[in-house]
Structure formats: C-alpha cells, structure tokens
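*Asks:* If you want the building blocks of each chain, they are given just below.
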Amino acid sequence: MISAQYLGMPLEINDLDHENLDYFAYCAKHDFRLQRCASCKLLRYPPTTACPWCAGPDSEWVSVEGRGTVHSYTEVHHAIQPAFKQYTPYLVLLVELDTQSGMPTREEGLRVIGNLVRPDGVLAPKAEVERVGIGTRVRMVFTDIAPGLALPQWTIDETAAGVAPWRYRG
Amino acid sequence: MPLPREDVEATTPKFLRDKYAIVGVGETSYTRGSDKSTRALASIAVRNAMVDAGLKPSEIDGMLSYQFNDSVFSPFVAGDLGIRLNFYMDVFGGGSSTEALIGIAIGVIEAGMCKTVVIFRSMNGFSQVRIGGTGVRSAVPVSGDMMHSRAYGWQSAGQMFAPTFMRHMHDFGTTAEQVAHVRVAHSHHASNNPKAYYKKRVTAEDVVNSRMICKPLHLLDCCVETDNANAIIVTSAERAKDLKHPLVQIRGVVGRCSKPRVDMHYQAGPISTVAGHYAKDILWPNSGLGPEDVDLTGSYDAFTFTTMLQLEDYGFCKKGEGGHYVSDGTIMLGGKRPNNTSGGHLCEGYTHGIAMVIENVRQLRHDADDSCPTGPDGRRQHTYDYREGGCRQVKNAEVSANFGWAMPGTGSAMVMRRG
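Line by line, the protein sequences give chains A and L. Residues 293 to 462, numbered by my numbering, are exactly what the first sequence covers, in order. Residues 195 to 613, numbered by my numbering, are exactly what the second sequence covers, in order.
For the record, the hints were derived by calculation from the structure and aren't laboratory data. One or more hints might be untrue.
[To be verified] Label-pair ranges, simulated between beta-carbon atoms: (1) 592/L with 348/A: 18 to 24 Å; (2) 427/A with 307/L: 50 to 56 Å; (3) 399/A with 305/L: 34 to 40 Å.
Here a beta-carbon is modelled for each residue, glycine too, at the ideal position from N, C-alpha and C.
Generate coordinates for the entire structure from the input sequences, incorporating the hints supplied.
*Replies:* Now the structure itself:
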C-alpha cells in the first residue's frame with residue numbers, strides 16, 4: 293500500500309494493484325519501464341493485467357526511452373483540483389513515444405500522459421506552456437512524491453531540432 | 195424422460211426492427227437547487243411518464259436506471275409508486291446509458307422476463323454531485339487507473355476529451371468558430387423550450403469570447419449543470435397500439451459500442467475518430483435506414499465538439515467536414531436536419547442523454563412542448579415559426595436518430611420512427 297499527498301490530492305495504490313505498484317516503483321528510481329508481453333513481445337501503456345493484442349498473461353518490465361512527440365494536448369485554464377489553480381494554465385500532454393510508434397498498426401502507439409513540467413518536476417510556467425503544441429519534441433522527467441512513487445512527466449527536449457508545433461489559436 | 199430435441203436456431207436475430215416502442219416520457223423541472231432527494235425527483239419523473247403513457251403502476255413491471263453513485267436505486271422508486279417489479283437493474287454509467295438500457299429493455303421483454311420497462315436517470319447534478327467534477331468528486335482519493343489521469347489534473351470530462359477535440363482541429367482544420375455554431379443552434383432551440391434552463395440565444399462570437407476552460411473549450415462550449423430526473427417507458431409496439439399517443443417505434447439500437455483499448459482509448463488512433471465510427475455499422479444496417487433518411491438528430495452535447503464529432507462519424511458528412519456540417523444551418527430548426535431541438539445539455543439541462551431521447555419521442559408524436567397555441571382538440575397547433583419564443587416542432591418529422599456519448603471511446607445510438 294502506497295499512500296501519499298500530491299498537490300492537495302490523496303494518492304493511493306493498494307496492495308492488490310501489483311501492476312501499478314511495479315510501474316510507479318520503477319518511476320521512483322527514475323527508470324521508465326513498461327510491460328512487454330512474453331508471447332507477442334509488444335509493449336503496452338498504461339499497466340494492464342494481460343496483453344491488449346494477444347491476451348497473453350505473462351510480461352516483463354523493460355526499460356523504455358522516455359522520448360517522444362506531443363500527439364495532442366489540452367491547456368487547462370480552469371482547474372478542478374484546488375491545488376492546481378496556482379499553476380494555471382497548465383498542460384496535459386499526450387505524448388507518442390518514439391519506441392513502438394506506428395505499431396502494431398499504423399494508427400497505434402504508446403501514448404503516455406504527463407504534464408509539462410520543469411526539469412525538476414514542478415509544473416511549467418506560462419512562458420514554457422506557450423511554446424508547446426502538437427509536434428513538440430519532449431523528454432521524460434519525474435516528479436518525486438513518496439518512496440516507491442514518482443510520476444512520469446514531460447519537459448521540452450531542448451536538444452531537438454526546432455519544428456514549429458501546431459497550437460490552438462485563441 | 196428426456197425432453198424432445200428440436201433444431202435450435204442458435205443465431206441471435208440482429209435486430210427487432212419496429213417491434214418495440216417508447217410509450218411514455220416524463221421529467222421534473224430543470225433547476226439549480228431542486229431541494230429534493232434523487233428519490234423524490236425520480237418518483238416525479240416516473241410518475242409523469244406513467245401519466246403520459248396512460249399506464250397504471252400495476253402495468254409497469256420492469257425498471258432500469260443508471261448512475262454514478264449519485265442517485266437512488268430502482269427498488270425505492272418502485273416502492274414509492276406501488277410498482278411490483280418482475281425485473282430491475284441499476285447500472286453504473288452516465289452518457290450513452292439511455293440507448294443501451296433501451297436495448298436491454300427490449301432484450302428482457304423479448305426474453306419474457308417482463309412486459310413494460312421504465313428507465314430513469316435522477317441527479318442533483320448541480321446541488322449534490324456536480325457533473326463538472328468539482329466538489330465531492332474532486333475530493334475522492336486518486337487510486338488505481340486514475341493514477342494515470344486525475345494525478346495529472348486530467349479529470350473533468352472536458353479535460354479528458356480535449357485531446358480528441360484538439361487533434362480533430364489539427365487533422366482537419368476544424369475551427370472554434372465552426373463548432374461554436376452547435377451552441378448557437380441549441381440556444382435558438384432552447385429559446386422555444388419553456389422547460390430550458392438557459393433560454394437566451396447566443397452568437398458564435400459570444401461562444402469564442404467566453405472564458406477559456408481548457409483548450410479548445412470555452413465556457414459556452416460546455417453544458418450546463420442542473421438538478422433533474424427523466425423517465426422513459428418501453429413496451430412492445432403491439433401493446434403500445436392500445437395507448438393514447440401516436441406510436442413511436444424503435445427501429446434499431448446500439449449500446450455502448452467502443453473503440454479499441456477502451457480503458458485508454460488514446461492508444462489506438464486516429465484519436466480524432468470517435469466510437470460512432472464503429473457504432474454506425476450496427477445502427478444503420480439494423481435500422482434499415484441511413485443518414486439521409488433521418489429528419490432530426492439528438493447528438494449528445496456534453497460539449498459543442500461532441501455533437502460535431504458524432505454527426506461526422508455516423509456519416510452525416512464526410513470525415514473531417516463536421517465543422518462545416520454544424521455551421522451551415524443544417525442543424526438548426528428550419529434547417530435540413532435539426533439537432534437537439536430541446537436545446538440539449540448545452541441549454542435545456544444535463545441529464546446524461548435521456549432528455550434527448552424524450553425530445554425526439556415528442557417530436558415524432560408531432561407534439562413538441564413549445565408555446566404554440568392549443569387547438570379545440572386539446573393538441574398544440576404548431577406554427578413552424580421558429581422565431582424566439584415560438585414553435586420548435588420539426589415539420590413532418592418521421593425518423594429521428596439519437597447518439598449517446600460516454601467519451602470519445604464509447605457511444606450508443608438509436609433510430610426511432612413514427613408508426
């Protein structure tokens with residue numbers, strides 16, 4: 293059982309939720325791992341109890357490079373959780389990993405949720421939020437929360453070639 | 195002694211076209227502050243539906259409801275109204291539940307488990323459990339699968355659906371101004387609906403100039419939060435013939451049809467496509483009709499975008515042209531195929547989809563409850579003058595289609611026709 297507080301929210305992962313316990317424990321070591329199916333060898337996100345492609349029950353956790361491209365996003369101006377209000381506008385990013393992109397079919401990919409954060413894991417300021425859109429290259433960082441629990445997050449990959457992202461105007 | 199063996203037809207009939215009907219509809223008023231329990235609201239709505247159908251409590255023997263741990267269960271409503279049930283079930287769900295439960299009602303009647311089913315949704319969506327997700331719902335601990343959503347401040351319906359909306363704009367050039375016309379149309383319709391919570395007509399400029407909630411959603415792209423209950427009665431068309439209203443038959447139904455990876459549907463693209471892409475292949479063949487046969491639609495408007503995406507993926511326009519379809523006058527009263535003539539969730543009130551079915555039932559009876567004068571026969575004399583405060587009956591409405599929405603990855607649908 294992991295129980296922690298983050299931005300005013302109680303977070304809990306119970307002892308039977310083995311998949312999420314394992315996932316977040318690796319994140320706490322700043323080691324992003326996904327389950328790889330023992331049968332078809334495909335990776336999946338988020339953690340599941342069987343393989344979404346072949347229903348195989350067995351998998352192993354393998355390290356995956358935390359780099360990808362913003363596939364879509366929303367920029368939140370009206371926060372629901374009170375403690376997020378101080379960070380508005382904040383970004384929720386849907387990031388398609390470079391790993392397994394377009395597999396097993398052209399329209400599939402590992403699309404990993406995260407906020408846009410500073411490299412230290414704190415939600416990014418407005419000036420950075422306004423640089424990001426569909427197509428932005430990002431790299432994974434972590435927000436440390438408690439022993440055995442860190443959230444995978446995204447920050448701008450400053451080393452990537454500068455292609456202007458698509459952003460919602462207005 | 196062994197039973198005689200017969201050749202069993204093991205295939206399930208794909209449809210029960212026109213065999214079942216909606217014979218009663220009813221609701222409470224739409225308020226912010228009902229000052230009533232969900233049990234009391236449900237009793238009012240179910241009773242109003244029975245009165246509408248001309249059915250006594252003893253003639254109802256099935257009950258279905260849907261909720262999010264925010265409402266009363268069937269046994270209490272049945273008990274309050276003296277209904278003895280042969281079948282009941284309360285399911286977990288919001289949008290898209292209505293059409294799915296109508297399908298289940300048909301199934302249980304067909305199976306001989308009961309004869310007449312009332313379906314209700316009762317909610318204090320403003321004064322108790324706010325559907326926007328603030329208050330009680332934001333205080334629940336984040337656990338399990340929500341560790342991949344709520345922990346990121348990704349929680350409300352608008353926040354959760356926005357990546358689909360954004361990607362549609364990116365992929366097809368859909369604009370906020372185009373989609374704002376959904377609110378424009380529904381606000382015009384609501385201005386002719388005495389029940390509607392918001393009756394004021396708005397312009398596309400009003401929508402895009404309203405404050406940003408989460409991109410691309412402005413305040414007026416989002417539905418209203420209200421307190422209300424609604425009910426629908428389903429029985430066989432044969433039984434319905436003895437009842438007082440023109441017959442409204444269920445032509446075909448699809449329930450909670452889903453995209454791949456419904457647990458996290460953004461894993462399978464294109465993410466600008468919604469569940470209607472799959473549901474249409476059940477709906478149209480089962481109903482034996484197509485988009486061109488439909489006189490009016492009820493495409494779920496949790497947001498302006500949800501209406502647009504569904505109309506597009508059910509085939510009312512080409513993929514990618516939804517922005518044009520909803521902004522060229524087609525979906526307005528007086529247009530070719532009006533959508534949500536009640537004002538829908540954007541303006542009338544939020545009911546998780548059931549009121550959109552009720553509206554289309556009344557439209558197919560040619561009895562939309564607007565302000566038109568009552569004639570000597572006691573029926574409304576519709577003027578078809580759609581100016582503010584006027585008529586909202588669609589002329590010669592024969593076929594309607596409802597498109598329920600749970601999220602981009604799950605939807606339900608139903609075609610009804612005037613018998």
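*Asks:* With reference to the structure, classify each hint as holding or not holding.
*Replies:* Hint-by-hint comparison with the structure:
1. 592/L with 348/A: 18 to 24 Å: violated, 51 Å
2. 427/A with 307/L: 50 to 56 Å: Taking Cβ atoms as reference, residue 427/A and residue 307/L lie about 54 Å apart, which means the hint holds.
3. 399/A with 305/L: 34 to 40 Å: Taking Cβ atoms as reference, residue 399/A and residue 305/L lie about 38 Å apart, which means the hint holds.
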